[in-house]
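Per this note's numbering, the very first residue in the sequence shown carries number 97; after that it's consecutive.
Worth double-checking, as some hints may not be accurate.
Listed next, the in silico SDA-like pairs over lysine to any residue satisfying Cα-Cα at most 20 angstroms (straight line) [as the list claims (entries may be wrong)]:
| hint | residue 1 | residue 2 |
| --- | --- | --- |
| 1 | Lys288 | Ile184 |
| 2 | Lys288 | Gln181 |
| 3 | Lys210 | Ala199 |
| 4 | Lys288 | Ser238 |
Simulated from the structure, these hints should not be mistaken for lab results.
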Amino acid sequence: MFSTRTRATVVAVTAASALLLAAGCADDTETATRATTSSATSTETTAATAAEFNDADVTFLQMMYPHHAQAVEMAQLVPSRTQNQELIALAAQVEQAQAPEMAQITALLAGFGKPAPSTGDGHDGHTMPGMMSGEQMAALESAQGAEFDRQWLEMMIEHHEGAVEMARTELADGVNPESRQLATTIVADQEKEIGTMRGMLGQG
97 MFSTRTRATV VAVTAASALL LAAGCADDTE TATRATTSSA TSTETTAATA AEFNDADVTF
157 LQMMYPHHAQ AVEMAQLVPS RTQNQELIAL AAQVEQAQAP EMAQITALLA GFGKPAPSTG
217 DGHDGHTMPG MMSGEQMAAL ESAQGAEFDR QWLEMMIEHH EGAVEMARTE LADGVNPESR
277 QLATTIVADQ EKEIGTMRGM LGQG
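Modelling step: build the complete structure from the supplied sequences, incorporating the hints.
Pasting the structure below:
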């Protein structure tokens, strides 16, 4: 009798253990499946985002890269040509905003499978709104002091207005979420800086 009860208990315990083990394995399998599915979904979402673009997105990015490059070049002229601390601070702000955006543009175009952006054949090789000609850049480089300040502010206002125009076109026609977010940032940041520069010129 005792032996029979013992054997029955052992069988019951063994069966229960087997069930728990099976349940644990099932949980592990389900967790792994969920993780794999989540990872796959994330990858698919990223790929879908990268694939979601049109000609307007590509044009915007390819034009904005050299446009930003010229703004950065103009900003780098400032410290050696003026003692105007407000202008020096503004130029640093322009460079700090636009240089990282150039890296973002490069990454977005690569994600679209498009060629890396280029600054092209000098300042006269582009027809984007707000771009300075080679002659204008040469005049700016040769100026100093208050005359440099005036030229730089007037040119950068025009330059920013061109960037805002291109960004608004992207918002109207583009479809890629990251490109459109970049355009939104450009409009907000550069319209604010245009107001600052007009104030510095006494234009209120």
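| query | Straight-line Cα separation of Lys288 and Gln181 no greater than 20 angstroms? | reply | Judged against 20 angstroms, a Cα distance of about 19 angstroms means the pair holds.
| request: Given the hint that Lys288 pairs with Ile184, test it: the Cα-Cα distance must not exceed 20 angstroms. | output: Roughly 17 angstroms separates the two Cα atoms, so the pair holds.
| Keeping to a limit of 20 angstroms between CA atoms, is the pair of Lys288 and Ser238 held or broken? | Outside the cut-off at roughly 28 angstroms; violated.
| query | Do the alpha carbons of Lys210 and Ala199 lie within 20 angstroms of each other, as the hint requires? | reply | 14 angstroms, holds
Of the numbered hints listed earlier, the single one contradicted by the structure is hint 4.
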